[in-house]
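**Student:** Chain by chain, the residues:
Number of protein chains: 2
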Amino acid sequence: MKNKYVAGVDIGGTTVKLGIFNLDGKLLNQWNIVTDKDYTAEKLLLSIEDSIKLFMQDRSMNINDLQAVGMGVPGSVDETGIVTYAPNIRWRMFDAAGFLSEKLNIPVAVQNDANVAAFAELKCGSGIGKSSICLLTLGTGVGGGIVLNNKIITGFSGCGGEIGHITVNPHEKTACGCGRYGCLEQYASATGIARLASDFMSESDGQSALFSYENVTAKEVFDCVKSGDKLAVDIAEKFGDILGRALSNIACLFNPQIFVIGGGVSKAGDIVIHYIQKYFNKYAYSDCVNTEFSIASLGNDAGIYGGAYLALSQLSV
Amino acid sequence: MKNKYVAGVDIGGTTVKLGIFNLDGKLLNQWNIVTDKDYTAEKLLLSIEDSIKLFMQDRSMNINDLQAVGMGVPGSVDETGIVTYAPNIRWRMFDAAGFLSEKLNIPVAVQNDANVAAFAELKCGSGIGKSSICLLTLGTGVGGGIVLNNKIITGFSGCGGEIGHITVNPHEKTACGCGRYGCLEQYASATGIARLASDFMSESDGQSALFSYENVTAKEVFDCVKSGDKLAVDIAEKFGDILGRALSNIACLFNPQIFVIGGGVSKAGDIVIHYIQKYFNKYAYSDCVNTEFSIASLGNDAGIYGGAYLALSQLSV
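Here the protein sequences line up with chains A and B, keeping their order.
Heads up: the first sequence is residues 837 to 1153, going by this note's numbering.
Heads up: the second sequence is residues 837 to 1153, going by this note's numbering.
For the record, the hints were derived by calculation from the structure and aren't laboratory data.
Everything hinted at is true.
Copies of one chain are not kept apart here, so a pair can be met inside one copy or by any two copies together.
Cut-off 30 Å, straight-line C-alpha distance, at most; resulting in silico cross-link-like pairs (DSSO-like, lysine-lysine): (1) Lys1066 with Lys1009; (2) Lys1114 with Lys1009; (3) Lys987 with Lys966.
Just chain A, same shape as in the assembly:
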């Protein structure tokens, strides 16, 4: 099994991240290429194929030793593996795995990028040694991925794990990016926390360090929480109440072994988990209260790691 490889590919709207791994899942090399917006789906995959071949050739790796490829894409992938819709790269109903597999003549697996990241955290990140995980990435939006008993939950038409768009407040008056009202993303993303801060500040007496910032960000909210700022703590409590309750409902439905929190907001560290877990414990069904929580550990490399482990899972079928 020496000198055999798999590739992990993370297709984003601006960059494709690529990594070559050995069969133990160890990252050997990684690089990026630009996502050419003018390319068709087929042309983008051919450019990825070329890039992998060239990269391996330059390093005296034999392309015939590449055993499988796993890819994450920014869109919905249905339970048969078809990319149903990926708006940022303009793919619709495309069998990306089938196309690349035929070109390379090896197994290729494709999944939604957030689900791939969850798979990575389970296999070699904060969920290592566990069998099930729910990953939330709190960034501009709220992304999510769920893996149960080592299988990614895609859902019938590929909406599995769209945690950011569960309705948590049917009385919300401001629309979410998706056009609906009261999505989790409107309160628990970095943008959502900044919005909560703005709402709380407009009704406060002005006694808070938050007023020294021009436009308060999620980072500044948690910085102020750490220094004991009362208004910032109130915002964190509200964030924790909404997200903790949403996760308690997910626990009732899926019962994962661990919740892992990633994305920009998670950089504030364990204080974020403190407020989520406080309210999770308040709302959780008794059999779920022991669910673990952790901050994500793979950062921007989660996509290529998850791709590699997807590829490895193709080999063990």
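Once you've looked at the hints, dock chain B against the given chain A.
**Tutor:** What follows is chain B alone, placed relative to chain A:
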């Protein structure tokens, strides 16, 4: 493959339902035995083993032609198949499948009874021909089962599909049977609908046929809805809003192909689905709006059918 059989077993708190099926999943015979409350877990399983052997012997069926058994139990079953807790029959951390499999020397599978019922509706009920289903049984409580890509979602410690206990109203003042507040079960079960009716009636002007009943039940609410009673319609709208929103969130997370509604409340028929689907469509994430809805079709036999299909799935592994 002629004259080969599987058994489906549905263990309830008062009765054990049993069925003998052929390998096409056709029910050949069914019978019940009493669940002896004084029996240990082992003794109850031995009585089930005896009952199956005796029943087959009496009908000149060869016990050696029994190929596998599938069982539903009224409790949590973790992802390794261990019954972690089944309060009604006082089982804790019991490997029921392992125990019975050793006695009969054939494969035995065990799952939570609501999950088994969902599996049955998928395989030979209202979800036939589909790959994923979410079953809700609206009875005294709200039970639930989820099957995705033909696999039952058990969850890590066996709470998968505990749909009745997701928190839908954090402001509720009356406690649910589970000790928490605002569970779906408090509004969407038969009991919950009766409670909603009582709340609406106490604030109404008395102009409703519902006032002619001593204690209004869910059945009477839907009977009055059918005859256009305004107050009954208001209650049905509230029920639909709460349950439809809960299911829209489940669709975001799991994205099943079909929701199937069973239990006593479902006997009111398509009018129940009308009010659920109206609000589901209001709240659902765009990619999930085509999720189908149907009334359950297997009734009280869902347990033995699901058990039989679980048994059959053991044979095809």
